[in-house]
Amino acid sequence: MKKLASYPYIIWSAIFIVIPLILVFLYGITIPSETSIFGLKLSLDNFQRFLEPIYIKVLWRSIWLAIVSTLICVIIGYPFSMLLAKTNVKKRNMLLLLVIIPMWMNFLLRTYAWMTILGKKGLINNLLRDIGLPALNLLYNDGAVILGMVYNFLPFMILPIYTVLTKMDKSVLEAAEDLGANRFVVFLKIVFPLSLPGVISGITMVFMPAVSTFVISKLLGGGQFWLIGNLVEEQFLRINDWHFGSTIALILMVIILLAMGVMSKYDNKEDGGAGLW
Amino acid sequence: MVEKSIKRFYMFLIFLFLYAPIIVLIVFSFNDSRLQGSWDGFTLNWYRELFKSREIMKSLYYTISIALLSSVIATIIGTLSAIGIYNMKSYKKKILLNVNYLPVLNPDIVTGIALMTLFVFVKVRLGYVTLLLAHITFNIPYVILAVLPKLKQLPKDMTEAALDLGATPFYAFRKVMLPEISPGIITGALIAFTLSIDDFVISFFTTGSGISNLSITIYSMARRGIDPKINALSTLMFLSVLILMIIINKRTNKDFKRKDVY
Chain A
1011 MKKLASYPYI IWSAIFIVIP LILVFLYGIT IPSETSIFGL KLSLDNFQRF LEPIYIKVLW
1071 RSIWLAIVST LICVIIGYPF SMLLAKTNVK KRNMLLLLVI IPMWMNFLLR TYAWMTILGK
1131 KGLINNLLRD IGLPALNLLY NDGAVILGMV YNFLPFMILP IYTVLTKMDK SVLEAAEDLG
1191 ANRFVVFLKI VFPLSLPGVI SGITMVFMPA VSTFVISKLL GGGQFWLIGN LVEEQFLRIN
1251 DWHFGSTIAL ILMVIILLAM GVMSKYDNKE DGGAGLW
Chain B
25 MVEKSIKRFY MFLIFLFLYA PIIVLIVFSF NDSRLQGSWD GFTLNWYREL FKSREIMKSL
85 YYTISIALLS SVIATIIGTL SAIGIYNMKS YKKKILLNVN YLPVLNPDIV TGIALMTLFV
145 FVKVRLGYVT LLLAHITFNI PYVILAVLPK LKQLPKDMTE AALDLGATPF YAFRKVMLPE
205 ISPGIITGAL IAFTLSIDDF VISFFTTGSG ISNLSITIYS MARRGIDPKI NALSTLMFLS
265 VLILMIIINK RTNKDFKRKD VY
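Protein sequences appear in the order of chains A and B. Here the first sequence is numbered in this note's numbering, starting from 1011 and rising by one per residue. Here the second sequence is numbered in this note's numbering, starting from 25 and rising by one per residue.
Incorrect hints may have been included.
[Said to hold, decoys possible] In the EDC-like style, the derived pairs of lysine to aspartate or glutamate whose C-alpha atoms are separated by at most 16 angstroms in a straight line are:
#, chain 1, residue 1, chain 2, residue 2
1, B, Lys28, B, Asp56
2, A, Lys1130, B, Asp251
3, A, Lys1096, A, Asp1179
4, A, Lys1131, B, Glu204
Hints were generated in silico from the structure; no laboratory data involved.
Next comes chain A alone, as it looks inside the complex (with noise of 0.2 angstroms):
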């Protein structure tokens, strides 16, 4: 009996998650052809012409923006989880409700939030304009997408970070402090190296949604403003092209595949922090 209890979830998985790849997997490597039996043809096309220039712009974008957004969320980040773990804690646990807390909220409103401020007829140019300033364009442009990416992905990196720092061997600290390190040596060669896959895990956690979002970049970048996950979109839903859609959606796939690849190998090489997993 129990080895059947898996049965249904077997045949769900394989309809509704293995199934739905392959179809994916298929209709990135086919197009339409007519003189095929099946009206398809086995075929590359749409990967050579995701090599025109207009493509490989918006995927080294994706790619850039994503990056730089993970970047500012280890920056601000991590000292903001080094102070959180430091706290003692009955105060911790309500500062760390207090951050997961906006993360809850539905992440369309959070992004909506940032158009009223930063909009043409938003919070800060209203106030701008009280005191006599000209508006500024503060909305539709680069900056806004990673500020939107930040706001929305900086708990996900906060708190495995904050995870493993509150885990952390105490009493390696004190040793190394007894044997003369100061506190930045301290930090540099132990509590840093120690907290790395809480970092490495945080970047994942950033990284992949945000080069994968199509939101954050229609809402607080324009219509004019292309990520690679616009593009999927734009295939599937107005272009109908489903096989250039898939074919990009497969190399958003492979472009995550690797990142988390070459973090995980990064991870494997730090074996001093492989326990705290």
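Could you slot chain B onto chain A? The hints should help.
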């Protein structure tokens, strides 16, 4: 002393960054002007309009009904399969667990277009049913991941003891196993429910005309520009999240205390 105040100031700045947009949304949901920034007095007009808007009320209904149905179905299938996976042979277990991780690790947009491709391929009309199927699909993995650790904590001989003492397998499951793993099941159900309420990307691709959840409605409204009705909606949603978080937090605290006893 200076260092301490710098640290405090830094933490304050981060919290300001996290909460300022939400506070702005809430404050201007009571503003009598369409413009953000100019305060024209207090009003509840936007709330009134919010409840009058058929578009929003309809999507609220769809959001809640999809979230309830999908989380209940996903919890049942997920719990059963967690038990199944736990008792599986190692290589089969590995395969199914890896498949289970696919929707968790894949970007939402890929899961979304993959499901859409499937539905269109088998010629199912996109709408309520496909939306529900999609939500169940991305919810099950989280339920499994919540229940599995509880199963691992369960002493293996406990169900056997119950069976030796004459309990039927179902009775043993209901009386011995279920009470032990129920915290995991409830956590899984709550995760599933909130994920379903919050989802935009997968819903966006798997729904058809006329059926849209709150996220999709907010997206289409936000694309048209600033609308104070969304502010009012944000305030209400933020309050519900706050209440839900407090409840969950109390639950997990209880859970921790229970663990301490053992």
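Hinted pair, alpha-carbon criterion (16 angstroms max): Lys1131(A), Glu204(B). Please report holds or violated. Roughly 55 angstroms between the alpha carbons, so the hint for Lys1131(A) and Glu204(B) is violated.
Restraint check for Lys1096(A) with Asp1179(A), where alpha carbons must lie at most 16 angstroms apart: holds, 13 angstroms
Could you grab the alpha-carbon distance between Lys1130(A) and Asp251(B) and see if it respects the 16 angstroms cut-off? holds, 14 angstroms
Run the distance test for Lys28(B) versus Asp56(B): straight-line Cα separation, threshold 16 angstroms. Status violated; Cα separation ~42 angstroms.
Violation of the numbered hints given earlier is confined to hints 1, 4; the remaining hints are satisfied by the structure.
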